[in-house]
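Protein chains in written order, with the numbering used here: chain A, 1 to 116; chain B, 1 to 114.
Since the hints were derived computationally from the structure, they do not count as laboratory data.
For every residue, glycine included, the Cβ atom is placed at its ideal position computed from N, Cα and C.
There's no promise every hint is true.
Claimed, not checked - Residues of chain A clear of chain B, computed beta-carbon distances all greater than 12 Å:
1. Val13
2. Pro79
3. Val114
Unchecked claim - The list that follows gives simulated cross-link-like pairs (lysine-lysine, DSBU-like), each with its CA atoms no further than 35 Å apart:
4. A/Lys77 with B/Lys18
5. B/Lys55 with B/Lys3
6. B/Lys53 with A/Lys49
7. A/Lys49 with B/Lys70
8. B/Lys53 with A/Lys77
9. B/Lys55 with A/Lys49
10. A/Lys103 with B/Lys3
11. B/Lys70 with A/Lys77
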Amino acid sequence: AQSVAQPEDQVNVAEGNPLTVKCTYSVSGNPYLFWYVQYPNRGLQFLLKYITGDNLVKGSYGFEAEFNKSQTSFHLKKPSALVSDSALYFCAVRDPNAGNNRKLIWGLGTSLAVNP
Amino acid sequence: DVKVTQSSRYLVKRTGEKVFLECVQDMDHENMFWYRQDPGLGLRLIYFSYDVKMKEKGDIPEGYSVSREKKERFSLILESASTNQTSMYLCASSLGQVYTDTQYFGPGTRLTVL
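Pulled out of the complex, with its shape left as it was, chain A reads as follows (with noise of 0.2 Å):
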């Protein structure tokens, strides 16, 4: 069965330090993996995904995501962390062989909290 976990509920990490979001997955066939971000009181907002192509995906303010297949990870990083990120980060992923199946599966969420 196709799943996504996020196994740290909460990140902590100081202004300036390089920041990681962990993500695996499971699916059957390559995935197209997606990471969104949901501020205080806000929708969620979409940062970046991969779909094929270059492992190293670059991504909304300033945050990046390596896909590595063999590990079946998609981690979440940004080289130098602000307050402003603080955030919670969803993972999520669709399985390229569910047939005509539009549903994404979501990842339970990382709360990332940045201190100054």
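Place chain B on chain A using the hints.
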């Protein structure tokens, strides 16, 4: 930019009331989705629609129905609201039949059922 709007940011209803949540997108997207978001449970898909008058059940459709009479509008209906339907409701849309399409979200409606 894609804009997805939801009719209310906050809504308070009483048990047994019929509740309508409206969602409108302005980018001619084919697909529209309704999710609910609860702490510790992430996003759960209630219903989605891939065309006017077409709908498919998501993972938790019980207690809900939907309507899509026009392409830009997707309504979520709680026939008889219950306290366990207190939640944040998020609407989203995506362009078409390309499965790599990004979903764009509205700001959400926080529904409280008393």
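Are any of the numbered hints broken by this structure? If so, which, sorted upward?
Result: hints 4, 8 and 11 break, sorted rising.
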